[in-house]
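Novice: The lines below spell out each chain.
Protein chains: 4
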Amino acid sequence: MVRVGVLGATGYAGIEVVRLIVSHPHAELKRVVSQSFVGQKISDVYPNLRGICDTECTALDVDDIAKNCDVVFTALPHGASKTVIPSLFEKGLKVIDLSGDFRYNDAKVYEEWYGEPHSAPNVLAQSVYGLCELHRDEIRTHRLIGNPGCYTTCSILALAPLVAAKAVDAKSLIADAKSGVTGAGRSAVLPNLYCEVNESVKAYKVATHRHTSEIEQELSLLAGEDIKLSFTPHLIPMQRGILSTCYANLVKPMTTEDAVRLYKEFYKGEEFVRVYDAGTLPEIKHVAGSNYAAIGVVVDLRLNRAVVVSCIDNLVKGAAGQAVQNMNIICGFDEGEGLRQAGMYL
Amino acid sequence: MVRVGVLGATGYAGIEVVRLIVSHPHAELKRVVSQSFVGQKISDVYPNLRGICDTECTALDVDDIAKNCDVVFTALPHGASKTVIPSLFEKGLKVIDLSGDFRYNDAKVYEEWYGEPHSAPNVLAQSVYGLCELHRDEIRTHRLIGNPGCYTTCSILALAPLVAAKAVDAKSLIADAKSGVTGAGRSAVLPNLYCEVNESVKAYKVATHRHTSEIEQELSLLAGEDIKLSFTPHLIPMQRGILSTCYANLVKPMTTEDAVRLYKEFYKGEEFVRVYDAGTLPEIKHVAGSNYAAIGVVVDLRLNRAVVVSCIDNLVKGAAGQAVQNMNIICGFDEGEGLRQAGMYL
Amino acid sequence: MVRVGVLGATGYAGIEVVRLIVSHPHAELKRVVSQSFVGQKISDVYPNLRGICDTECTALDVDDIAKNCDVVFTALPHGASKTVIPSLFEKGLKVIDLSGDFRYNDAKVYEEWYGEPHSAPNVLAQSVYGLCELHRDEIRTHRLIGNPGCYTTCSILALAPLVAAKAVDAKSLIADAKSGVTGAGRSAVLPNLYCEVNESVKAYKVATHRHTSEIEQELSLLAGEDIKLSFTPHLIPMQRGILSTCYANLVKPMTTEDAVRLYKEFYKGEEFVRVYDAGTLPEIKHVAGSNYAAIGVVVDLRLNRAVVVSCIDNLVKGAAGQAVQNMNIICGFDEGEGLRQAGMYL
Amino acid sequence: MVRVGVLGATGYAGIEVVRLIVSHPHAELKRVVSQSFVGQKISDVYPNLRGICDTECTALDVDDIAKNCDVVFTALPHGASKTVIPSLFEKGLKVIDLSGDFRYNDAKVYEEWYGEPHSAPNVLAQSVYGLCELHRDEIRTHRLIGNPGCYTTCSILALAPLVAAKAVDAKSLIADAKSGVTGAGRSAVLPNLYCEVNESVKAYKVATHRHTSEIEQELSLLAGEDIKLSFTPHLIPMQRGILSTCYANLVKPMTTEDAVRLYKEFYKGEEFVRVYDAGTLPEIKHVAGSNYAAIGVVVDLRLNRAVVVSCIDNLVKGAAGQAVQNMNIICGFDEGEGLRQAGMYL
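Protein chains in written order, with this note's numbering: chain A, 171 to 516; chain B, 171 to 516; chain C, 171 to 516; chain D, 171 to 516.
Check before you lean on any hint, since a few could be wrong.
No copy labels: a pair is met if it fits in one copy or bridges any two.
[To be verified] Straight-line alpha carbon distances no greater than 30 Å define the calculated DSSO-like cross-link-like pairs of lysine-lysine that follow:
hint	residue 1	residue 2
1	LYS372	LYS438
2	LYS278	LYS375
3	LYS261	LYS398
4	LYS278	LYS336
5	LYS438	LYS278
6	LYS422	LYS341
7	LYS341	LYS398
If you are wondering where the hints come from, they were derived from the structure by calculation, not from laboratory data.
Model the full assembly from the supplied sequences, consistent with the hints where possible.
Specialist: Following this line, the structure appears as structure tokens:
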């Protein structure tokens, strides 16, 4: 049994890690850290866990964590992770960070998109980008995982096969993403109120969202050339899920069937990526509540352009689920352990 | 491993049985019967199951079922069950019926509320009402279970402790219930359309809903006297869950704390019933997606009246989950097997 | 043209007053007061008003209001009204207050339910309870209107005909009310977040909600005896609307048709109350976005109990609409002026 | 007073025409045609109209319509319009058709996208495309208006200024549109059910949606060259509204401020188009329930690409509202008459 601690456990990503860990056959939840709820049972904050996980929330105590845990998930606000993680990391802990702080190969890219220098570049240098399907082998040999963003996971998985095959014009890429409201976290701020979100849709951070830089890093690696793309996030009145509609001009002519074949080949053997047959497309309902990603492709022959639709649950494959998948990899467990349950559809 | 068949598998209750059975450690799904989707994979109808359950839907063939299954769940429309079940039952199968057809101790009550004579009164006589917390011992010795209705389960669990303690005026009982739309099933009819249900609430079948009779049957048994109550169902714009607000005039004076104590005592040892402490009340979010029921009580001292709020997931504890709980009982498994996962909260 | 000021204009009730006033043929919006948005255009806070009302928000200045307005709507938090209104009232302004501060005939009842003495009992004594259908004549002669609460309006209208006819047992009354989330206001607090409200239902302030006292005041007046009732508010995942399901034991035997006749007689000539024919019941969708109340009655002959279902839009008939209706009355306008638009259904 | 008839009045677009006409100062609703509800009052089908419009639904009778109406709105399923309209048109009626049947300048384009020859090409030749902001002068002189599609209106308004200015690469255009469920109409089919739509998002008819051809027709006219674009519709769990996110590669370098200036100039004097200042973007909530379109632009300097976000209410500016705007034009009324009410925001 691996002993697990969760920092930032009462946020929406943190509590999803807790939910997955308590039903994981090889993990034991030892510490639940939440500054706002110290002394309260996690099941008082999230009563769905009553009788299932009644662990008390504690304040952060690095020594205590180091003594009682083997793996730590950090689901802290962006910026907080990079001040806490170095001390956890030097204690020898395995750390899976859900923030944006340890996702970059180049600290300068971080600085450019986050507006401040990275305070722990040496630790950053020892991290690996935890998109399991692309970096499985490197993840296995690391102790600090920068768990990918939700939008990022969805968009990279959508475009990777075409980009890796050099089948598309690298200057033409667009990812138009639609996210549920859990993606905005549990902050009690006006734009997150029910009556502000419900019966509406909005685009936000157009041309400036930080996840753009992650997607560009990964697609550039796959392409072997510098890729920049348009990424537009939208907020949708639902709880869970991201659907990313991606556009790419083809430089190699192909049909929808060809494209589907390419995707099936690329994701062959990947348990958590479902490539749809030509003529069918995924919906958020097909993956919500699960760690599965679902991808469908249409080639528009009129325009010689591929349209790729991909869906994930932002809290699972886009956060906590992929984090557990990373834990499984670095701990040598079966990669899908604790992650195979079906979404609920309803 | 018990071999399982599901009839009516592509309705909302049926597919929830399928979802639970495929992750049950002691059950194997052998037959998925759906007249409307014969020849299609269940995962084509519900793509959340892709790679998890790709079984092909078949037409009903009683002999085939009898040969290949030990337990059959029937999630058929009311009325259909009572024509199919007798032949399954006489083949020696264990049958758990999710319709209203086998829930009555008295065929006359069925006739009164369903508007036609029961066509198989002899089989009805061999059935037991499957509300596990109240009839566990009888269930164990039966082979045909009338799995309780969703509204019924929620309302009976709410009122049982007060009624059994003879603490309330039997003429004063009211259950005002609010249900998600999955309760209406998957029929493509106007009132179930998104734009007709969303941003609205309605009461329906006021004073005439069939579940009234089930609640009355069970509460009368507990009270040892004839109980009639007002039951009012409402449709709420959400998918899963029922919250039942119940009112009862107290004949024994008590405080909220007394009442909570009574409920905790009554449900002592019941894994799937959570009684809330005085001052706290359950919300649907606390149980949705799980087999747990949650109950809170307030005594209004001004009026000498108890207000009981109870919540379940209508598809789980109110249908498929309780059906699996019944399977566990009649098959001699640990009663909570396959049913312990937490609700998702988000 | 009557000159209008709105205090607390950027809350959900306040902005609804603004929306109604800008299309009112006899009113001119002169002042929009919002402490949080001083100097911003109201249409920057609520862009639906762009080009329709671009008035700048100001801080509260009683002299300025007195000079430029004839009627003031105060949509302030409970408690704030009673400190501001006395000075407005003594300037000779007509004041329509949407808070709970001026709804009581007896300052002691206020104290009992609001937990503090009323700071302006002399001004309170000059106010009238603004439920138009019940107090039209008194409203006409007053300058300070305590505009009724949303739950209150819905529940009183539901029970008034039966109570006034002395047809029901005064001890048996129960109002079980379901409200949309706009009723909780625009406060950026955790329980109002989209992800906390969506796909859930909860009861709150069971046996203690302040609106209970308003309902009791009005029903007692109608009955000529002291009435106490159970009132249970619930929060529903939708924006607008309240549906109140009311229960009353009949002391005069009657059928549903009798009851409907009683209601139609009681509300004869009332433009904004729609009594439904026997066999039909209102839904929130029938009134949302409008000033109409809709009421349906069922008599449960088995139990000799009436079940009354009433619906209003909490922001319109339950707040801003009724406030404008009151303005029409005290200003001598046609009572329905500016209030006749149909709800949107979709 | 112009005398109005509505065909297909009980569909979602038809009833929205009815709602707008009953409060229009210069129009009188004379005939409400609905094959499915002949003999019922429209207010029984849509009880929000009770007391406001209780007109009885009739079957189609062209002579009766011709005798009693001056203007007819046809909100019939695609295909039905072109069989009915010729006879109405030859009677001398003014006809505003909300289907796709009379939107094309070239019957061959219709045939290509609708899969069958146009049965009334001579009548089609006498129609005009009713996008008011682009074709106001032509509309004035016609008697048959092909009222634009909802997606179409939203996307054309978004791209028109850039295309007309020849500022963008005509081969690079993409419109990614998100629509509420009213856009799917009132058909009782499985994909429109609450539980199938709620908590999900899907793309559909990717690269094949018929509205593509309308957008291409209009943008080609503006550009003076043949334009083809990617158009991707998505279904969102809300009732009303379309948000279209459009992408275009710039051939003339410009900043966001330049682009906003271009848009403000293009739409100068247009009452129903709101161009947003640089740094702000519209949300569906800003226009839902109203006839206003709202447009915001961002230039992504990194990529030299414009991202345009436009919003309308699909039932109003995208259907019934624009139809009434067309009626106002062809009848010589003030163009905004009956259409100036603010959206409700909440």
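Novice: For each hint, tell me whether it holds in the structure or not.
Specialist: Results of checking the hints against the structure:
1. Only between protomers do LYS372 and LYS438 lie at most 30 Å apart by alpha-carbon distance; the minimum there is 25 Å, versus 36 Å within a single protomer.
2. In this assembly of identical chains, LYS278 and LYS375 lie within 30 Å of each other by CA distance solely inside one copy; the values are 21 Å within and 42 Å between copies.
3. Within a single copy, LYS261 and LYS398 get their C-alpha atoms no closer than 38 Å, and across copies no closer than 59 Å, so neither meets the 30 Å cut-off.
4. Proximity of LYS278 and LYS336 under a CA criterion of 30 Å is satisfied intra-copy only: 27 Å inside one chain copy versus 38 Å between copies.
5. In this assembly of identical chains, LYS438 and LYS278 lie within 30 Å of each other by CA distance neither inside one copy nor across copies; the values are 35 Å within and 44 Å between.
6. Taking identical chains as interchangeable, the C-alpha atoms of LYS422 and LYS341 lie at most 30 Å apart whether they share a chain (15 Å) or sit on different chains (17 Å).
7. When the C-alpha separation of LYS341 and LYS398 is checked against a cutoff of 30 Å, the pair qualifies both within a copy, at 7 Å, and between copies, at 19 Å.
Hints 3, 5 from the earlier list are contradicted by this structure; the remaining hints agree with it.
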